[in-house]
Amino acid sequence: QDSVERIVEDAAMDLSLNPFSSGTRLRDMIRAIRASKTAAEERAVVRRECAAIRAAISDNDQDYRHRNMAKLMFIHMLGYPTHFGQMECLKLIAASGFPEKRIGYLGLTLLLDERQEVLMLVTNSLKQDLNHSNQFIVGLALCALGNICSAEMARDLAPEVERLLQTRDPNTKKKAALCSIRIVRKVPDLAENFMGSAASLLKEKHHGVLISVVQLCTELCKASREALEYLRKHSVEGLVRILRDVSNSSYAPEYDIAGITDPFLHIRVLRLMRTLGQGDADCSEHVNDILAQVATKTESNKNAGNAILYECVETIMGIEATSGLRVLAINILGRFLSNRDNNIRYVALNMLMKAMAVDTLAVQRHRVTILECVKDADVSIRKRALELVYLLVNDTNVKPLTKELVDYLEVSDDDFKEDLTAKICSIVEKFSQDKLWYLDQMFKVLTLTGNFVKDDVWHALIVLISNAPELQGYSVRSLYKALQASGTQESLVRVAVWCIGEYGEMLVNNISMLDVEEPITVTESDAVDALELALKRYSVDFPGDVTKLSEDTSNCCAE
Amino acid sequence: PANRPVWLNAGKQIAHPTRSRPPSTDADPRRWHSRLSAILPSLATGCHPVRPRRQIRAATPTRPRSSSRASADLRGRRPSLAMINFVLLISRQGKVRLTKWYSPYTQKERTKVIRELSGLILTRGPKLCNFVEWRGYKVVYRRYASLYFCMCIDADDNELEVLEIIHHFVEILDRYFGSVCELDLIFNFHKAYYVLDEILISGELQESSKKNVARLIAAQDSLVEAAKEEAGSISNI
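Quick mapping for you: the protein sequence lines, in order, are chains A and B. Each step along the first sequence adds one to the number in full-length UniProt numbering, with nothing skipped, and position 337 is 337. Each step along the second sequence adds one to the number in full-length UniProt numbering, with nothing skipped, and position 205 is 205.
Simulated from the structure, these hints should not be mistaken for laboratory data. Heads up, a few of these hints could be off.
Unchecked claim - Below 16 angstroms or equal to it, Euclidean Cα-Cα: the simulated EDC-like pairs (lysine to aspartate or glutamate) are: (1) A:Lys-222 - B:Asp-157; (2) B:Lys-228 - A:Asp-63; (3) B:Lys-127 - A:Asp-376; (4) B:Lys-95 - B:Asp-184; (5) B:Lys-127 - A:Asp-341; (6) B:Lys-127 - A:Asp-63; (7) B:Lys-100 - A:Asp-113; (8) A:Lys-222 - B:Asp-184; (9) B:Lys-108 - A:Asp-113; (10) B:Lys-211 - A:Asp-256.
Please take these sequences and the hints and turn them into a complete structure.
The structure is reproduced here in structure tokens:
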């Protein structure tokens, strides 16, 4: 078992035997840090290492630059400051050898971010490396630029990257395509520069190039109207061909995932088709058949297949699809919803929310399953399902749906109670024409989770009761009963106290009883006792003279 | 914006339905206020807000907070720069093994993000789905042995595909290191980064062929070996 002492001893011995020793190897530093038992020990190791690195940097020590850069990156990952090492990255990048550039570029993307001005100093090295004869060095530069460049650097180096899109090496091409994505995101004006190359690169056969270029096309469409129109005209047939070929392709071990050839390519093409077909009937028509093929042919027993089907359904719902295609899409959703895999159900709920805009009736058919999902063990699924249920509520189904939700309110997790309470109150308020039903639901919710009921909700309840004389007796009696059963929810107590205060006489004399009610016996002193108990319990929040209250209430009851 | 997916708009409406003011009538709220306020002076100044009583569980890691309560500072400010905003590898104990950021986050923000996500993800049970909603984004994660691989994406991205990307990364690492374990990623973290850089650029997938990625890394590793032999002086890292 390593201990910090032992490692330091080894290093000290090393040093005494060989005064020119470089100090610890990377592996030893990592071991020392892992062996630290306290934060203070770790800090001591890091401090010692940083000191050695600083010394090496100021001495311009060439020999151990790699090791020092690697150490710096590790120390940075632990959360310690490493600003002093930033210039080292630049020096390494400017060196001529591949190994130096490799670790220098990595250091650059890890130790710096695009907001730092030091980054601008790399522009020159980048420019040179983008023109290097060694394709791997070009690759390093493209990767760094693609990960970290600022808008200024994007503008400066865009011409180099454009040129590299035409190079012969597919690995360079794919990196150039992705780098172009970042450039276009940073400087959308440049989108038109790339659209010609992007469209022609769709004829490539190399999958890496294809997935990068298809993604670039999608990006271009988002950045520029002109690029969108251009690509609509020039790329749709090519895309259909790519998707058809990959969908029909026989087993290709290099790209196979769960029996499907290159799901990533499938998905990217589907996404681009969505962007191109949105709002464009012509384009949508062109892709209709291939979408149907992918929707029906793709196996859905593994995640890869489901990922493709998910994208396919999204595309069908995003473009001007035929009704036949839409039916296919909703069927896939139905299957997903009853899949035992949590991930698939989560995704299905997402898709169903979008489907609401397209075919509400079809989604309604899955109401029961969606309601089941509200009670799922997984909080992510519960949340999605609840939002969907809210969208599904209408005059016909509001009562059974609300009953289900209120029943669940009783047993749900505390974490979820707040969301659920808010939703139920929203629903009930929206459909509050049936006042008696509205009151019943609100009383139930107040009893179960009154603490989560927002102020304006129970204010609205009070207003409704005030405006509904025929229901005031029912309200005061129901609230009194609720208070007796469980007066733990503060909002319930407030509303009940108000109600008893206003309509106490109805409570005591069973005034305006509804058919559904049974008479209850409540004397004046019962009512006052109930109030006193409630007020005592919340005496902190209701400072007041209880004697005065009981007097007032007696008066009120006598009125 | 025109491209906003339908469900996101629907979601906004659900979370904050516009409340219409209750119709004013003869029995307006102020009347009952004044009556009750004679009895209960505290109410004369207006109701004070009902505070929901939240149970604080005994467990040390904080319970995941619902996204509606999370701070909004990161949400509005950050335009979507990549499909994958960042990659995070954390151990069961919350130690960071690898991070790569494709969207701008300051050092301070990064530490905060890591702390929040660790709390959110490490406490999730094994049977739950692989997606968490966090600050308006989605984080796709999967546990492999003692490591959690996490990738943060936008709300309207294909999370099932990102699961495949994570698996793609893991299989390539496995091939490269030969039955990769956490220790490999600790002591050779720089090599893990080299591998990641051949799979993702700017948060987008760059290569769907594992064979190709392996070939490219091997070629670059041999370049380094060759240079070492030639120079004889490049320090053994």
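To see whether the hints hold, each was checked on the structure:
no.: 1; hint: A:Lys-222 - B:Asp-157; in the structure: holds, 15 angstroms
no.: 2; hint: B:Lys-228 - A:Asp-63; in the structure: holds, 12 angstroms
no.: 3; hint: B:Lys-127 - A:Asp-376; in the structure: holds, 11 angstroms
no.: 4; hint: B:Lys-95 - B:Asp-184; in the structure: holds, 15 angstroms
no.: 5; hint: B:Lys-127 - A:Asp-341; in the structure: holds, 9 angstroms
no.: 6; hint: B:Lys-127 - A:Asp-63; in the structure: violated, 51 angstroms
no.: 7; hint: B:Lys-100 - A:Asp-113; in the structure: holds, 11 angstroms
no.: 8; hint: A:Lys-222 - B:Asp-184; in the structure: violated, 40 angstroms
no.: 9; hint: B:Lys-108 - A:Asp-113; in the structure: holds, 12 angstroms
no.: 10; hint: B:Lys-211 - A:Asp-256; in the structure: holds, 11 angstroms
In the structure shown, a violation is registered for the earlier hints numbered 6 and 8, in ascending order.
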